[in-house]
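Okay, so the sequence shown: first residue is -1 according to the working numbering, each after it adds one.
None of these hints come from the bench; they were simulated from the model.
Being a predicted model, the structure only gives us computed values, none of them experimental.
In silico DMTMM-like links for lysine to aspartate or glutamate, alpha-carbon gap of 20 Å or less:
(1) 108 - 119
(2) 108 - 64
(3) 109 - 74
(4) 59 - 96
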Amino acid sequence: MGKLNTRWLVSNRIATLGAANDFQGVSERNCQQPRPGDKTTLFVALWEFEVKPGCEEKFEKVYGADGAWARLFAQDASYSGTRLVKDVERERVYLTLDFWETREGYEKFKKENAAGYELIDRECEGMTVREQELGEFVS
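Using the sequences plus the hints, can you model the full thing?
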């Protein structure tokens, strides 16, 4: 995996899809600081997509907070939400952030729901030029 582009780390350089205060609410609700012994964590799967010209609106609907991926993930109690952000400097480039309580919960869900994953992935493959997992993060 390549080095994470620092442009994504500067919040004022990202155009979010949805109200900025929604993102703050997700952060405050889900980003709990671990305390000794309680095993409180937050796991985030981070993906970057370059969307084909003309597919932006459809992509935003499918990959957004209420889209097909989020609805699939919402079947699991350890899923905490999805955030879709758009790069303001690179046309048609997006990030998705999928929030889970633990990496184990995320991995278990993917394994148990492989057929649903495959179905949505197949339906979405025509919308993107490329997609890349940027990393998995725990706090």
